[in-house]
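2 protein chains.
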Amino acid sequence: MQKKHTISVLVENHFGVLSRVSGMFSARGFNISSLCVGETEDTSISRMTVVVRGDDAALSQVIQQLNKLVDVIDVKDLTAESFVERELVMVQVGVESARRHEVIQLASIFRAKVVDVGAQSLVLEVTGAEGKVNAFIDMMRGFGIEKLVRSGEIAIPRSPK
Amino acid sequence: MQKKHTISVLVENHFGVLSRVSGMFSARGFNISSLCVGETEDTSISRMTVVVRGDDAALSQVIQQLNKLVDVIDVKDLTAESFVERELVMVQVGVESARRHEVIQLASIFRAKVVDVGAQSLVLEVTGAEGKVNAFIDMMRGFGIEKLVRSGEIAIPRSPK
Numbered sequence: 131m132q133k134k135h136t137i138s139v140l141v142e143n144h145f146g147v148l149s150r151v152s153g154m155f156s157a158r159g160f161n162i163s164s165l166c167v168g169e170t171e172d173t174s175i176s177r178m179t180v181v182v183r184g185d186d187a188a189l190s191q192v193i194q195q196l197n198k199l200v201d202v203i204d205v206k207d208l209t210a211e212s213f214v215e216r217e218l219v220m221v222q223v224g225v226e227s228a229r230r231h232e233v234i235q236l237a238s239i240f241r242a243k244v245v246d247v248g249a250q251s252l253v254l255e256v257t258g259a260e261g262k263v264n265a266f267i268d269m270m271r272g273f274g275i276e277k278l279v280r281s282g283e284i285a286i287p288r289s290p291k
Numbered sequence: 131m132q133k134k135h136t137i138s139v140l141v142e143n144h145f146g147v148l149s150r151v152s153g154m155f156s157a158r159g160f161n162i163s164s165l166c167v168g169e170t171e172d173t174s175i176s177r178m179t180v181v182v183r184g185d186d187a188a189l190s191q192v193i194q195q196l197n198k199l200v201d202v203i204d205v206k207d208l209t210a211e212s213f214v215e216r217e218l219v220m221v222q223v224g225v226e227s228a229r230r231h232e233v234i235q236l237a238s239i240f241r242a243k244v245v246d247v248g249a250q251s252l253v254l255e256v257t258g259a260e261g262k263v264n265a266f267i268d269m270m271r272g273f274g275i276e277k278l279v280r281s282g283e284i285a286i287p288r289s290p291k
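One line per chain: the protein sequences are A and B, in this order.
End of the first sequence = 291 in the working numbering, gap-free, step of one.
End of the second sequence = 291 in the working numbering, gap-free, step of one.
For the record, the hints were derived by calculation from the structure and aren't laboratory data.
There may be inaccurate statements among the hints.
Note that identical chains are pooled: a pair holds if it fits in a single copy or bridges any two copies.
Restricting the straight-line Cα-Cα distance to at most 25 Å, the calculated cross-link-like pairs of lysine-lysine (DSS-like) are [said to hold, decoys possible]:
no.: 1; residue 1: K243; residue 2: K198
no.: 2; residue 1: K198; residue 2: K291
no.: 3; residue 1: K277; residue 2: K206
no.: 4; residue 1: K277; residue 2: K198
no.: 5; residue 1: K243; residue 2: K133
no.: 6; residue 1: K262; residue 2: K243
no.: 7; residue 1: K133; residue 2: K206
no.: 8; residue 1: K134; residue 2: K198
no.: 9; residue 1: K277; residue 2: K291
no.: 10; residue 1: K291; residue 2: K243
no.: 11; residue 1: K291; residue 2: K133
no.: 12; residue 1: K198; residue 2: K262
Model the full structure from these sequences, guided by the hints.
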């Protein structure tokens with residue numbers, strides 16, 4: 131598998147920016163594994179976190195081109211630094227009330243929270259780095275996953291110690 | 131403020147889909163408040179959660195057009211149904227070690243977790259619906275927010291009771 135890169139892009143919150151930025155990756159043949167965009171402290175500025183897998187050289191070309199876009203304020207490949215990565219996942223698991231306890235107990239190992247309970251299903255929420263989230267999903271697979279929503283990764287550089 | 135809509139779009143995980151979908155919203159003048167895209171249980175299929183504010187009639191036109199795109203499998207405006215919404219946020223707060231305890235205590239009210247500690251700062255993680263997340267950010271503002279990353283909202287329909 132190609133190297134995973136986590137790119138943080140700070141943009142002016144104008145419309146069309148998102149499709150121009152994501153279009154830049156796809157024009158170069160990069161498939162985006164995940165993308166998140168949300169407002170920052172300053173609501174006129176949004177931060178995008180893009181996870182792609184691919185070649186270092188091709189990626190640095192994309193980053194150079196992104197930097198030239200009018201609405202792009204800053205682009206950083208966090209992969210080179212030390213950073214905290216987190217993802218949010220909600221999973222709806224099909225489970226009869228008799229086995230509910232078992233699912234909740236397993237979920238607690240991952241510090242997952244129950245966010246909704248139905249007659250035949252549970253919705254659980256978990257956050258963590260990619261590995262933990264994948265392990266949680268694998269665990270839930272045994273019970274039957276009915277729905278799965280992943281936020282995609284967000285990342286923040288680690289603070290100087 | 132215009133009505134908030136949460137749209138869930140299931141797409142084939144091909145490249146370019148993301149920019150085509152987001153471009154469809156901006157072509158109609160919708161500004162995207164947040165967008166998340168991540169893989170589902172089936173890695174060839176991704177789910178996008180898009181939050182926009184705007185006019186119901188214009189939005190149903192966008193949804194109709196999205197449904198016509200080759201790589202779009204399903205589009206749902208969750209706003210009409212009952213759903214669980216969650217967002218993940220990481221905040222880096224500037225704080226000297228003397229006041230660290232105070233921040234952590236306040237954060238615990240929101241069930242925020244400390245994910246990184248530096249000499250002069252803390253990184254906290256919190257999940258919740260928009261209102262809770264905004265209240266948490268407001269609270270942290272008093273200490274000085276150095277960095278803020280939001281995943282944007284993900285949503286899942288509530289289970290039948």
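These are the hints, each one checked on the structure:
1. K243 x K198: neither (42 Å within a copy, 37 Å between copies)
2. K198 x K291: Result: close neither inside a copy nor across copies, 34 Å intra and 52 Å inter.
3. K277 x K206: Only across copies: K277 and K206 sit 14 Å apart there, 33 Å inside one copy, limit 25 Å.
4. K277 x K198: between (39 Å within a copy, 23 Å between copies)
5. K243 x K133: Classified as neither; 32 Å inside a copy, 29 Å across copies.
6. K262 x K243: Both, since 15 Å and 16 Å are each at most 25 Å.
7. K133 x K206: For K133 and K206, the Cα distance is within 25 Å only inside one copy (16 Å; across copies 34 Å).
8. K134 x K198: Within one copy, since 23 Å is at most 25 Å while 32 Å is not.
9. K277 x K291: between (40 Å within a copy, 16 Å between copies)
10. K291 x K243: Classified as between: cross-chain Cα gap 18 Å, same-chain 31 Å, threshold 25 Å.
11. K291 x K133: This pair counts as neither: shortest intra-copy Cα distance 27 Å, inter-copy 44 Å.
12. K198 x K262: For K198 and K262, the Cα distance exceeds 25 Å both inside one copy (36 Å) and across copies (37 Å).
When each numbered hint is compared with the structure, violations occur for hints 1, 2, 5, 11, 12.
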